[in-house]
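Residue 1 is where the sequence shown starts when you use the working numbering, and the numbers rise one by one after that.
Hints are computed from structural coordinates only; laboratory data are not their basis.
Keep in mind that this is a model prediction, so the values were computed, not measured.
Hints are supplied without guarantee of correctness; some may be wrong.
[As the list claims (entries may be wrong)] Simulated restraints on C-beta separations:
no. : residue 1 : residue 2 : range
1   : Lys337    : Asp440    : 49 to 59 Å
2   : Lys1120   : Glu1092   : 39 to 49 Å
3   : Cys428    : Leu568    : 41 to 51 Å
4   : Ser800    : Tyr957    : 31 to 41 Å
5   : Cys228    : Gln276    : 49 to 59 Å
[Claimed, not checked] Only pairs whose alpha carbons sit at most 25 Å apart, straight line, appear in this in silico SDA-like list of lysine to any residue:
no. : residue 1 : residue 2
6   : Lys629    : Gln616
7   : Lys963    : Asn1000
8   : Lys656    : Lys629
9   : Lys435    : Ser341
10  : Lys776    : Glu663
11  : Lys422    : His494
12  : Lys1116   : Thr1068
13  : Lys1116   : Pro1052
14  : Lys254    : Lys273
15  : Lys793    : Val849
16  : Lys1116   : Phe1086
17  : Lys776    : Leu881
18  : Lys547    : Leu488
19  : Lys1089   : Pro1052
20  : Lys793    : Lys656
21  : Lys1118   : His1079
22  : Lys254    : Arg176
23  : Lys1112   : Asp1058
24  : Lys702    : His744
25  : Lys793    : Thr758
26  : Lys1116   : Pro1097
27  : Lys920    : Ala847
28  : Lys231    : Lys435
29  : Lys575    : Pro590
30  : Lys422    : Ser341
31  : Lys963    : Ser996
32  : Lys422    : Lys273
33  : Lys426    : Phe356
34  : Lys422    : Asp538
35  : Lys435    : His494
36  : Lys656    : Gln636
C-beta: ideal position from N, C-alpha, C; glycine also.
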Amino acid sequence: MAEGGEREELLSPPPVSPAKRLCSWPSPQAHHPRGSPGAARGGAGGAGSSCLAPGARPHLQPESLLDCAAKTVAEKWAYERVEERFERIPEPVQRRIVYWSFPRNEREICMYSSFQDRGGAAGSSPAEEGPPPPPGAAAPAGSAPGAAAAGTSPGLGAGAGATGGGEGLPFRRGIRLLDSGSVENVLQVGFHLSGTVTEPATASEPAMTYKVAISFDRCKITSVTCGCGNKDIFYCAHVVALSLYRIRKPDQVKLRLPISETLFQMNRDQLQKFIQYLITAHHTEVLPTAQKLADEILSSNSEINQVNGAPDPTAGASIDDENCWHLDEEQVKEQVKLFLSQGGYYGSGKQLNSMFAKVREMLRMRDSNGARMLTLITEQFMADPRLTLWRQQGTSMTDKCRQLWDELGALWVCIILNPHCKLEEKSCWLQQLQKWSDLDVCPLEDGNYGHELPNITNALPQNANHSSDSLSRPRRTVFTRAIEGRELHWQDSHLQRIINSDKYTAPVCQRESDRLLFNSQGQPLWLEHVPTACARVDALRSHGYPKEALRLTVAIINTLRLQQQRQLEIYKHQKKDMNESRLPMYQHVPVAAGCSNSNESYLSLALEVALMGMGQQRVMPEGLYAQDKVCRNEEQLLSQLQELQLDYELVQTLRKQCILLLEGGPFSGLGEVIHRESVPMHTFAKYLFSALLPHDPDLSYKLALRAMRLPVLENSASAGDTSHPHHMVSVVPSRYPRWFTLGHLESQQCELASTMLTAAKGDTLRLRTILEAIQKHIHSSSLIFKLAQDAFKIATPTDSSTDSTLLNVALELGLQVMRMTLSTLNWRRREMVRWLVTCATEVGVRALVSILQSWYTLFTPTEATSIVAATAVSHTTILRLSLDYPQREELASCARTLALQCAMKDPQSCALSALTLCEKDHIAFEAAYQIAIDAAAGGMTHSQLFTIARYMELRGYPLRAFKLASLAMSHLNLAYNQDTHPAINDVLWACALSHSLGKNELAALIPLVVKSVHCATVLSDILRRCTVTAPGLAGIPGRRSSGKLMSTDKAPLRQLLDATINAYINTTHSRLTHISPRHYGEFIEFLSKARETFLLPQDGHLQFAQFIDNLKQIYKGKKKLMLLVRERFG
1 MAEGGEREEL LSPPPVSPAK RLCSWPSPQA HHPRGSPGAA RGGAGGAGSS CLAPGARPHL
61 QPESLLDCAA KTVAEKWAYE RVEERFERIP EPVQRRIVYW SFPRNEREIC MYSSFQDRGG
121 AAGSSPAEEG PPPPPGAAAP AGSAPGAAAA GTSPGLGAGA GATGGGEGLP FRRGIRLLDS
181 GSVENVLQVG FHLSGTVTEP ATASEPAMTY KVAISFDRCK ITSVTCGCGN KDIFYCAHVV
241 ALSLYRIRKP DQVKLRLPIS ETLFQMNRDQ LQKFIQYLIT AHHTEVLPTA QKLADEILSS
301 NSEINQVNGA PDPTAGASID DENCWHLDEE QVKEQVKLFL SQGGYYGSGK QLNSMFAKVR
361 EMLRMRDSNG ARMLTLITEQ FMADPRLTLW RQQGTSMTDK CRQLWDELGA LWVCIILNPH
421 CKLEEKSCWL QQLQKWSDLD VCPLEDGNYG HELPNITNAL PQNANHSSDS LSRPRRTVFT
481 RAIEGRELHW QDSHLQRIIN SDKYTAPVCQ RESDRLLFNS QGQPLWLEHV PTACARVDAL
541 RSHGYPKEAL RLTVAIINTL RLQQQRQLEI YKHQKKDMNE SRLPMYQHVP VAAGCSNSNE
601 SYLSLALEVA LMGMGQQRVM PEGLYAQDKV CRNEEQLLSQ LQELQLDYEL VQTLRKQCIL
661 LLEGGPFSGL GEVIHRESVP MHTFAKYLFS ALLPHDPDLS YKLALRAMRL PVLENSASAG
721 DTSHPHHMVS VVPSRYPRWF TLGHLESQQC ELASTMLTAA KGDTLRLRTI LEAIQKHIHS
781 SSLIFKLAQD AFKIATPTDS STDSTLLNVA LELGLQVMRM TLSTLNWRRR EMVRWLVTCA
841 TEVGVRALVS ILQSWYTLFT PTEATSIVAA TAVSHTTILR LSLDYPQREE LASCARTLAL
901 QCAMKDPQSC ALSALTLCEK DHIAFEAAYQ IAIDAAAGGM THSQLFTIAR YMELRGYPLR
961 AFKLASLAMS HLNLAYNQDT HPAINDVLWA CALSHSLGKN ELAALIPLVV KSVHCATVLS
1021 DILRRCTVTA PGLAGIPGRR SSGKLMSTDK APLRQLLDAT INAYINTTHS RLTHISPRHY
1081 GEFIEFLSKA RETFLLPQDG HLQFAQFIDN LKQIYKGKKK LMLLVRERFG
């Protein structure tokens, strides 16, 4: 399998590469009869006129016997084998063998030149060559996968290209090159094809011509060389174009026998002339090699004279050479390594999945390169440095990497389960898989270093003799399932019949052993572990046996249907038996005679020992697993106790144990004194409370309240001081060991409190006691808020009256949450505030008044004004509470007081809200306005002041609005390039307000505008608006408007005009400092706007002309720009 046409091969001296077999010189009489009919022919039709080129023969014309035999020999046998088998080979026979040795299926060319494969119509499938042998039989040696009939349709390229995907793929580009006539000088010498392919010229690159050489053997391309220097795992478009030219236009290809046959026909003079002409044509390249070879041939002792014959790169492969398609192994490794180095990027994962899809496509075509390519991919995966890093750090790989490794393992299962796999190949693969699997960095099957997954061969009839030890491995890697596939075979007669026939049914006379192999309808079943059976289906599909895979799939589905039906029948039978004879789950069985207490039973003893065990005080163990185990064991035991039906004896046992637990001292988890690290009793107490409540309420509440403790979150001060429960804050002291389950324990504490609140509904004394316990022992604001919400829902049912006692508890808990979260960050704070106002509204007007009066301990100023006060005085609240006038006035008065207090504390955020809340009270409104004025000189921003000013104008106070707008203008600064600043609308509004008030107000504002605004376009806009209408149209009482338009030549607009012109001049110079050609047009438009302003005064045209002349003089280096200025402005 020579790489013919490569310069390196042409220059390289002996020793001979194994890819170029040695050709000896037999006698002319034995090998080439001089008078043979084909000796004088040189074209592809050397076998005679009866054998036409593929695609050109008339319809229904049969092939000659010579072509039929030559096609088979060319596909199955190495040419060396033909030469050894037959002493004489006529030249016409040689020509036809060489002719038919080139690949005939375009789909195979497409497979090696594009990633995507849709399984479309690009060539025939392997099955189209004739029915393949059954999977159980041995595969014929040297079978050509996918070899289609010789007459490939000329229109096949479009279909094959469609399978390739996008227009940029090499296969589609190769088709375009072929169709455009870019392939020329095509010559086939033996098993070597060469030609030139010209890439057409583009806008950025000239036309390029590349030399292409292809070696082939037994209908497979074995090596490719192209002058384009392609570095990819796939063939370049030039190789594709030349290959398709040979497939589609074989009659236009010059065909010659191997070069050794041509040399054999020359005499001495012809050989010398041939060699000298060859050296002359390439003297700069081959002369050193030619001289070296000549010296070695003339030396009798040289190694070259010890070998019979000489290498011929065009003579085809030898018998010992591997017959497979050309695959650039180094490029495959580099591509996979590159994709893996890119980590979790989307594109790299997509490319690796495409490479896996290419492996499946090769397997489906029964191409031996499928396993070869997967081996190369696996080697790079195992060399990924991240495997070692993940193992050292103890972290798991990402989900995307996990999916890639899973697909890799699944592909190896398919290869091991290949129905036609040779034993030596399978043994070699298994050895390599075992080697990879034994490496420490090899990823595990479950991803968590566990071994819970079942063996792939579990429940296999053919492996029934294996021991349980052989069916489980302590360490299962991603390759373990593939390694276990060594035990699977395809020789089972029942399996063979299933996959080879659609008409396989149960025989009329079944043996006893065959009844399990068919269902009641006679359809075959396949009784195998379902994942294993599915792996067989995947292997059949992957290796090009779709019909066999479907047949096995149907058998598996029928088996699952039968199993489902039988399981349903068993369940119905068991359910019927349970319903007919249902007995109590637990019964009293008296203790054996001789016991001191004759009334005891084993059931009461079981309850007693369970209560004793869970109630004893124990320290929380270290570690997440141990702490989680404590919680799970307790929950499992309590679930068993909840199934008991408590009768009188069990209730007495329960009561006795509860009393002992409360009085048990340090030995009891419910005693008066417990260790700080003691396991909490919340879950246990919740069960005791619910079970004992109907029989002894006092004892149940006493026990539950005692269990509310969580000492690990309480310090000594908070544990002993109960006089001020309302001012407690969250206390989380340092603790050891770490409590990994603390969140779960706190939620159980909350559930215990919620259970007590629900049970105590309507009982004021008990609710007060529970509330104090909650405020004392629960330190999470979110959990207290949840309790408050639960209490509110229970207190306000939709189908009955409101429970005021529980509603007050909900309000108290809400107030506690407000105090706890006032000075801390909490993302639910706004929700909490709104809920508290809703709860206070439900309680009544006194609750609303209370939170309004004590707002500083509960809310921030912003919350108090924007949410609390606004909601309290809203129309919805008044209707909800049906308030009379004195109550409404009381609420409004409290809201106004709150608003003024908040405005004093935070005027920036609360001034506007204070003005809104104080609208209906003149004195309060004046106070709020004065607060805003006083704060204007301090930290208020121009946007806040403009907002308040607009509000004042809306409320009918234009003079006050003007004052606030003037203060806002003093805080503003607009640069020359800030023509999109959000404050521009406020500036325009302020100028419009002052203009409407009169000339005096406008004169007072313009100096502020000139000082604060430096943007020329904004100033020109203000100037234009002031000259459109006369000032003083607001209709202020006591003022009259003159009705005359203002002149720009007089104050106050003259000052504004001068400032605008100066702004245009400064902005122009600033923009010209760093202007680019693409902004020239925009700059000319800017100058046009400037001219409009310049022309407002009487001498404006002179000023503008002088301005333009200055620009031309200063920026004369910007010739193109100045040309545009001259064209527009002269």
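Hints and how they fare:
no., hint, result
1, Lys337 <-> Asp440: 49 to 59 Å, "violated, 21 Å"
2, Lys1120 <-> Glu1092: 39 to 49 Å, "violated, 25 Å"
3, Cys428 <-> Leu568: 41 to 51 Å, "holds, 47 Å"
4, Ser800 <-> Tyr957: 31 to 41 Å, "violated, 51 Å"
5, Cys228 <-> Gln276: 49 to 59 Å, "violated, 32 Å"
6, Lys629 <-> Gln616, "holds, 17 Å"
7, Lys963 <-> Asn1000, "holds, 13 Å"
8, Lys656 <-> Lys629, "violated, 28 Å"
9, Lys435 <-> Ser341, "holds, 24 Å"
10, Lys776 <-> Glu663, "holds, 22 Å"
11, Lys422 <-> His494, "holds, 22 Å"
12, Lys1116 <-> Thr1068, "holds, 15 Å"
13, Lys1116 <-> Pro1052, "violated, 37 Å"
14, Lys254 <-> Lys273, "holds, 23 Å"
15, Lys793 <-> Val849, "holds, 23 Å"
16, Lys1116 <-> Phe1086, "holds, 19 Å"
17, Lys776 <-> Leu881, "violated, 33 Å"
18, Lys547 <-> Leu488, "holds, 21 Å"
19, Lys1089 <-> Pro1052, "holds, 22 Å"
20, Lys793 <-> Lys656, "violated, 35 Å"
21, Lys1118 <-> His1079, "holds, 13 Å"
22, Lys254 <-> Arg176, "holds, 23 Å"
23, Lys1112 <-> Asp1058, "holds, 23 Å"
24, Lys702 <-> His744, "holds, 23 Å"
25, Lys793 <-> Thr758, "holds, 10 Å"
26, Lys1116 <-> Pro1097, "violated, 28 Å"
27, Lys920 <-> Ala847, "holds, 23 Å"
28, Lys231 <-> Lys435, "violated, 31 Å"
29, Lys575 <-> Pro590, "violated, 31 Å"
30, Lys422 <-> Ser341, "violated, 35 Å"
31, Lys963 <-> Ser996, "holds, 14 Å"
32, Lys422 <-> Lys273, "violated, 51 Å"
33, Lys426 <-> Phe356, "holds, 20 Å"
34, Lys422 <-> Asp538, "holds, 19 Å"
35, Lys435 <-> His494, "violated, 35 Å"
36, Lys656 <-> Gln636, "holds, 23 Å"
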